[in-house]
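A.B. asks: One line per chain: the protein sequences are E and A, in this order. If you count by the numbering used here, then the first sequence holds residues 1 to 249, one letter each, in order. If you count by the numbering used here, then the second sequence holds residues 1 to 334, one letter each, in order.
Calculated directly from the structure, the hints in this document are not laboratory data. Predicted model only: the values in this text are computed from it and were never measured. One should not assume that every hint holds.
[Stated by the list, open to error] Beyond 12 angstroms from chain A on every Cβ pair, some chain E residues (computed):
id: 1; residue: 69
id: 2; residue: 90
id: 3; residue: 159
id: 4; residue: 169
[Stated by the list, open to error] Derived coverage of chain A by chain E (criterion: at least 3 residues anywhere in the stretch with Cβ under 8 angstroms from a Cβ of chain E; other residues may be distant):
id: 5; region: 217 to 226
id: 6; region: 293 to 305
Here a beta-carbon is modelled for each residue, glycine too, at the ideal position from N, C-alpha and C.
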Amino acid sequence: MLAADRLSLVRGGARVVDNLSARLEPGTITAIVGPNGAGKSSLLLGLAGLLAPASGQVTLDGSNLADMPPRTRAQAIGYLPQASDIAWDVAVENLVALGRMPWRDRGTEAIEAAIAALALEGLRQRPASRLSGGERARVLLARVLAGNPRWVLADEPLAALDLAHQLALVAHLRNCARAGQGVVVVVHDLALAMNHADRVLVLDGGRLVIDGAPETALSPEVIAQVWGVSAQWLGEPGARALASGSKRK
Amino acid sequence: MNRASVVFALLLAVLLPLSLLAGRAWIDPFDVAASGPNAALILAELRLPRAMLAVVVGAGLGAAGAAMQGYLRNPLADPGLFGIAPMAALGAVASFWLAPLIPPAWGAWSLPVLALAGAGAGMAALALIAGRAAADAQTGAGGGIALFTLAGLMIASLAGALTALAITLAPNPFALSEIVMWLNGALTDRSWREVAIAAPLVAAGITVLALAARSLDALTLGEEAARSLGLDPARLLLLLVAGVGLTVGAGVAVAGIIGFVGLVVPHLVRPLTDRLPSSLILPSALAGACLVLAADSIVRILPLVTELRLGIALSLIGAPFFLWLLIKMRRGRL
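In isolation and in its complexed conformation, chain E is listed as follows (with noise of 0.2 angstroms):
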């Protein structure tokens, strides 16, 4: 279990994530939730053991992330950072070994799986540059999963992806979860977390305002007080789209 206890997270001077407790289970999609500058990519970062907590606490299956060594943290918990800047040309198949780097191997093994799981097998030799979004997001997915960790924190793997590749990537993500990995994304996207995650956490500037299944995180209660925006949502479970009216005073 990944857990959040009373964790408050500065940057900058600012406090961007304050007195927030949440615990999240394997097994499941989270999604994070919330309007710009909620802080959800800090909380993200502060649960991927990135970001020293101000105070209280992350901690994995009970230890503390803050004392734990940068190498077993990272064998534990893969983070996809939003950016994805890849600095040299380098080929597809050796930006996902390095996802082994927490573990120190070549680990052919865990690559071959990570690079089948994504269907990447014929992008294998492509330079970084020569990749359309929608391959470069799913190449960086399979760099994380080619280090076998436990949990999994995306912050908006989704976004800048078409229809069809956004849903490919949350059916990968999902058997991440089905696979026993704890998956944890923030997305920007509402209809997206509320058809495809176990659970949301909504946050509003630093405070968790709810957490929940995402029929009830995700209300229109909650988006009108969270976005301020009158929103209600159509079509049936599972398929749920979100028609927004107006702007609220």
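Knowing the structure of chain E, use the given hints to seat chain A on it.
C.D. replies: Just chain A now, with coordinates in the frame of chain E:
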């Protein structure tokens, strides 16, 4: 050993004997004695140490350049950005000033030792800032690599200003001309003593940089992704400061400032590798050795009244190369 290492090792194996034969007095490889009464002496006491020094200095600068580009994730980065070379130069310039105070027996050692002390002071300042910058990244205070680079530039400009001041206030015209000549970087009139000073330090520096290689690979994905892979930013910074400090500091201590090698060499190597920073360090050391050796042999045989300084020659080659890189970068082909 990857393909690039083999290519540049072979090139070095060809260049090294050629460089020994080339010069104002050409030596016949099949009959050394026929090339003049002093040919054997020229080979053993002038050409060989000079060639070895070119190899050592070039290897250090090449490896440091590859590591710096990997660390800053920027193909236009250069070891000069850390400010270690200007600090070493400042130390060397100080030795011209302190010359009257130094016992004659130590005179020959004062320049390299003070240059190394300058490089060491630069490294210490950077290490202090490095610890701070790494802690900042962990607590979200921002800065990180960018802040560290700016600190390096600040050290470089301060050292440059102090060096300029030392030149302006030079104790006598002789010292002035010595300082200016020395700052331009050259391998003229060097002996085995300089090789003995630089070789172990450069070898240690390249070893330290090689230790940082895998961490540099992780940085390909960005600072946060690299940290998520278990990279320890403080350890990497310290390895880099030590590695670049040793290679560049030792190079400046024995040869003066030789620019552009660290910038140019990784670009010659990169197309022959998988482009990960770790595959570049050793071949860049070999390619740097080739470049400095070739350039030094060329300045030696140019028919000029006085020998063209190596530092000037490499800058003359390096500046247009830099422009070419910028154009290539604008077209997105870097």
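A.B. asks: Taking the hints in turn, state whether each one holds.
C.D. replies: Hint-by-hint comparison with the structure:
With a closest Cβ-Cβ approach of about 8 angstroms to chain A, residue 69 of chain E is found to fall inside the 12 angstroms limit, against its non-interface label. A cut-off of 12 angstroms between C-beta atoms contradicts the statement that residue 90 of chain E is not in contact with chain A; the least separation is 5 angstroms. Non-interface call for residue 159 of chain E relative to chain A: holds, since the shortest CB-CB distance, roughly 16 angstroms, exceeds 12 angstroms. Non-interface status of residue 169 of chain E relative to chain A is upheld: no Cβ of that chain comes within 12 angstroms, the nearest being about 17 angstroms off.
Note: the region 217 to 226 of chain A has 8 residues with beta-carbon separation from chain E under 8 angstroms; the three-residue rule is met and the coverage holds. Against chain E, the region 293 to 305 of chain A contributes 0 residues with a C-beta closer than 8 angstroms to a partner C-beta. That does not satisfy the three-residue criterion, and the hint is violated.
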